[in-house]
Amino acid sequence: MNKMKRLFAVITIASLGILLNSCGKQKPVEEKILPYTIYQKELPNGLKVATVEYDSPGIAAFYAVVRVGSRDEVEPGKTGFAHFFEHMMFRGTEKYPKDKYDVVLKSIGASANANTWLDRTVYHMTGNATMLDKMFELESDRFMNLKYSEGDFKAEAGAVKGEYTKNSSNPMEALDEAMNDTAFTSHTYKHTTMGFFKDVVDMPNQYQYSLEFFKRFYRPEYTTLLVIGDVKHADVEKLAEQYYGKWEKGNFVTNVSPEPPQTQTRYCHIQNPGFPPVVQLNFKGPAYTDTNTDVFALDIISYALFSERSELYKKLVVKEQKVRRFNGGAFFTRDPYLFSINATLVNAADMQYVKDEIMNALEAVKTQKLDSMLLTETKSNLKYSFAMGMSSPDAIAENLAYFTWLTGDPESLNRCYAMYEKVSAEDLNKAATKYFDKMALTIATISPEATSPFAGGTPIDKPKL
Amino acid sequence: MKIKFLFITLLLSSIVSLAQEVVELKTTASNLIVIKLMFRNGSISDPKGKEGLTELTASLITEGGTKDLTSTQIKDKVYPWAAEFGSSVDKEVSVFTFIVHKDFLTPFYEIVKGLMLTPSFTEEDFKRVKSNQQNYVDQVIRSSSDEEYSKKALEDFLFKGTNYQHMVEGTSEGVKNITLDDVKNHYKNYFTRGNVMIGIAGNYTPEFLNTLKADVNQLSNTAVVLPLAGKAAMPDGIQVEIVAKDNALGSAIFTGFPMDITRSNDEFAALMVANSWLGEHRKSYSHLYQKIREARSMNYGDYSYIEWYDNGGSNMLPVTGVPRWSNYFSIWIRPVQTAKGLKAQYPELGKINVGHAHFALRMAIHEMDKLINDGMTKEDFELTRTFLRSYCKLYAQTPQKQLGFLMDSKFYGRKNYLSELDALLAKVTLDDVNNAMKKYWQTKNMCVTIVTDKTEAEPLAKSLKSNLASPMSYSNVLKSALPKEVLEEDKSIENYPLNVKSVSIVNSADTFR
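Protein sequence lines, in the order shown, are assigned to chains A and B. The numbers in the first sequence follow the numbering used here, run straight up by one, and end at 1819. The numbers in the second sequence follow the numbering used here, run straight up by one, and end at 1605.
Treat each hint with caution, since some may be false.
Said to hold, decoys possible - DSSO-like cross-link-like pairs, simulated, lysine-lysine; straight-line CA separation at most 27 Å:
| hint | chain 1 | residue 1 | chain 2 | residue 2 |
| --- | --- | --- | --- | --- |
| 1 | A | LYS1676 | B | LYS1276 |
| 2 | B | LYS1276 | A | LYS1454 |
| 3 | A | LYS1488 | B | LYS1485 |
| 4 | A | LYS1552 | B | LYS1383 |
| 5 | B | LYS1194 | B | LYS1205 |
Claimed, not checked - To give an idea of the chain A side of the interface with chain B (calculated C-beta under 8 Å), a few residues:
| hint | residue |
| --- | --- |
| 6 | ASN1499 |
| 7 | GLU1504 |
| 8 | SER1523 |
These aren't lab readings, by the way, just hints derived from the structure by calculation. Source: prediction; values computed, not measured. Backbone N, C-alpha and C fix where the C-beta goes; we use that ideal spot for every residue, glycine too.
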C-alpha cells in the first residue's frame, strides 16, 4: 500500500501554481509560473505547436492534445464515443498497419498511450529524443490517414466494454455515473466519459458514425502538439511543418445544449453494504476561464475548508473520527460543471451530521472572512505543490496539456497562477455566495440502505451559522 | 577517565556510522530534497495473529505526531511547504519517503527527525489509523477493484502457510488483534539503526547528510532477527480458487507459480526479454494482449510478469520499494465477460452457462506453452531487446525514482541495477533467452485465482475441473466480423488441455479473514 501523503486536490487538477524551480539548467524566465519559455507556433492549417526545451538528456515527451471529449457526444446513443475513438487511433493506417505500427513504436522504446475525459483526448509518447523524427512521422500518419476495417472496429469495441467491466467493480464509478446523470439534464456532461453501458454494448454497430467522428474532430484546428524535453524548438517546428503541413483543416463545431439553471436539490444513491459509506455534495460550478477569479476562488475554498489543514478535517477526521477522508474541489472544465466535496464516512448513521457540517462550513464562507494566514498558506501550498511535481518532461507536458484543452493556449498555465495570486478574501465570499446554492446541489450517496437518507421529501435543513 | 569514555563513545559511534548503508544521488540541478529510509522488515515480520502490524506501525509513524508536535500541528506546519511524506510497506521492506523543496529543508527535517525518532504513538492517532486499515482489509480490497483483489487473493493462495501469504495490510482478525503496545514494541524491535538503508537525493550539503546519518543512528539499537522470506511450494498441477461475489460484471484472473530467480541473477535479463515479448505491462505489443484483447475483443488487456508489479492498474512504469527474495511468475488477465453479462447483452447467447474466463485462461497458457517450446524468433528477440534497452531508461526519470532504483539495487546486491541491466541486455543472446524460458517457466503447475460473480462460480468451476470444452461465445455482430483464422484458432484453443487438479470456490466474505 503506497500512502504518500496527499494534499487535498484529488479530483481537481493535481497541482497548480508556480514552478519555482525544477530539474533544469535553463535560465528561469521572470514572473511566470513556468520558468521556461513555451515556444508556440501555429501552422496555416490551424495546428498549434508548443515546445519547452527542458534538460532531460536523451528523453522527449510528445503529446497530441485534441479538444474533443465526451462533451462532444451530442447525438443520442453515442455516449462514450470519444473514448472509443481514442482506442481506434491505435488500429493503424495504410502505411503503418497495426502490426507495423507496433514494430516501429517498439523500436523507439517509447512509453505511449492515450486518455480521454470530458473535454479532451490526449495521445502521448515519451521516449528516445533522437527518434523525434520517427515520432512525428508515426503520429502525423495516424492523425491524417487513420484506416481500419469494420472488423477491427467491432473487435476494439469489446476492449472498451472490458474497460467498463473492470471499472465497474468500484462503486464510486457507479456513483459518478448516477451523479452526472442526475445533476445534468441537457448538457452532455450528463454522461461520463465511459458512456452509458447500453451505448458501450452497442458500439460495434457504429462503424459509419466512427468515420464521421474522425472527419469532424481529428483536424488540425482541434489539435495542439506539445513537445517537451531534450529538443530544440526550431527542430520541432520544422518537423511539424514537414509532417503535418498538408493536414486538411475542417469546419465542424459541436453544438452542446447549455444546461438550464438547477432550481431544486437533487439526489442519487447507490446501495452497497460492502463499501465504506460516502456522502458527496455537488454544486453547479463555473466553466474555467483565466479572466476572472471564480474558479480559482472555489479551488482555494476547497483547500481551506477540507484539506488536512482545515478545521473541519481536524474536527471530523482527527478528533471525532466520523470521516475517513475528504476529497474533491473545483473542476476545471470548458463548460460549467461542478464543485464537489466527497466525504468517506466511518458509519452511515453519521451522514446527516457530516452533510450538515460540510454545508455549515460552505455557508460560513459566504459571509465570514477567511483567516488571512490560511489564505496565504493555501496559495503557498498551490505553488509548491506545482514546483514539487515538475521533475520530468511528462509532468510538464501533462500540465500544459490541461490548459491547452481548456483554452487552446498552454500559456493559460501562467495566467492561471496569476489569478490564484489575485484571489482575495472578498472573492471567496463572492464565489461562495454565487455557487453554494442549495437549490443547485446534487447529493450523491453510497450506503447499506436502499435509498438516500436525504431524499424522499426530506427538506435540507437550513445550515446553522 | 571521562575523556577516555568519550573517546570510546565517539569511536563506537563512528564505527556504527561507517557501517551505515547510504545511497547518495547528488543532483545539483534539483531544488527538491528526497530522503528515503528503507528498513529491511516488511509484512513477513508480522507476528502470527497480528498480521498487518508492520503496516500499521509504519502508517502510525507518518500519520501520527512526535514528542513535540501533534499530527494536526504537523499538518499545519507542512501545509504551506506542500512537503510530501509517507510510508510504503511491502513483504520484505518498509520505506519512508520525505520530499521537500530546499527552501524548507531545515524546519521540515525537524519533523522528519521527530517522526522517525520520537513518534508520539497516541491512542487517538492509533484508533484512526487502525480503523482505516481495518476498513481496507474488511471492505475496500473486496469492493474497489476486482483485479487488485484477484492479485492479493493469488498471493494468499500461492503462499499459503508462509509468511508471504497475508496481505501487507493484514487480515481481518490480525488487524483487530493489534494493540498500541504491539506497535510501540514493533517500532523498537524492527525499525532500528542496524536494519536501515539511508537514501538521499537532491542538492543537499555534506553537513546535512552527516546530521541525517547521526540522527538515524539514534534509532533503537535492538538486534533484529529477520525472518527468511517464505517460499511457495510448487503447486501440484493447476490449482484454481474462484472467489465468488455479488454483482461482479466480469471475471478477473491472476495466475502464478514460484520462480527461483530475481534481479540479483544475471539470467534475469534474458527472462526479461522473453517476458516483454509475451506480456509487457500495459503495452499493445504484449503478445497476450494481441491474442486476447486485440484479436478477440475479450477484455481490456493481458500481461505477464517476472516480478511483483505494484498496483499495475494505476502504474504504467514499475515502482520502487517492493524488492523481494521470494519471487513468482504471473499472468494478469483483466476482467472478461461472465455468462450472466453476455446473456443480458446478446439474446443469441441466451443459452450459455460459462463466460469467457475458461477460454481466456486456455489461450494464455497455450501461448506461453508455444513460446517455451518454440522459442523466440531472431527478429522478435532483436526488436524486443532494442525496445527494452530504450524503455528501461524511462523507469527512472525523476530523482525520486532514480534513488528508489538505486536502493532496490542494493537490496539485491547490485550497485546500479538499471545500468547493469542495460549491459546485460546488450550481451544477452537468443539462446540465452530461449534457455532461460525452459529453465524457469512451465505451465503444468500454477495457482489461479478468479474473482467473479456468484452465478458464474459453479459452472466455471465445473468447466475447469472437468476440462470441458470452452468454445468462445461471440455476439453475432462481432463473430461476423472476425477473420476466419481467429475462429479456426479458437477451435484449437477451446479444447486445449490444462493440467487442472483442483478447483475450489470461496465466498468473498471469507477471504483475508
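Straight-line Cα separation of A/LYS1488 and B/LYS1485 no greater than 27 Å? holds, 18 Å
Would you check the hint for B/LYS1194 and B/LYS1205, treating anything up to 27 Å between C-alpha atoms as holding? holds, 16 Å
Does the alpha-carbon distance linking A/LYS1552 and B/LYS1383 stay inside the 27 Å limit? holds, 26 Å
Quickly compare the C-alpha distance for B/LYS1276 and A/LYS1454 to 27 Å and report which way the hint goes. Cα-Cα ~59 Å, so violated.
Interface hint compliance - A/SER1523 to chain B, C-beta minimum distance less than 8 Å: Hint holds; A/SER1523 Cβ to chain B Cβ min 4 Å, cut 8 Å.
With a cut-off of 8 Å, does the beta carbon of A/ASN1499 approach a beta carbon of chain B closely enough for the hint to hold? violated, 19 Å
Would the hint linking A/LYS1676 and B/LYS1276 be met if the CA-CA limit is 27 Å? Holds - the C-alpha atoms of B/LYS1276 and A/LYS1676 are around 25 Å apart, at most 27 Å.
Taking 8 Å as the limit, does the beta-carbon of A/GLU1504 come near enough to a beta-carbon in chain B? holds, 6 Å
Checked against the numbered hints given earlier, this structure breaks hints 2, 6; the rest are met.
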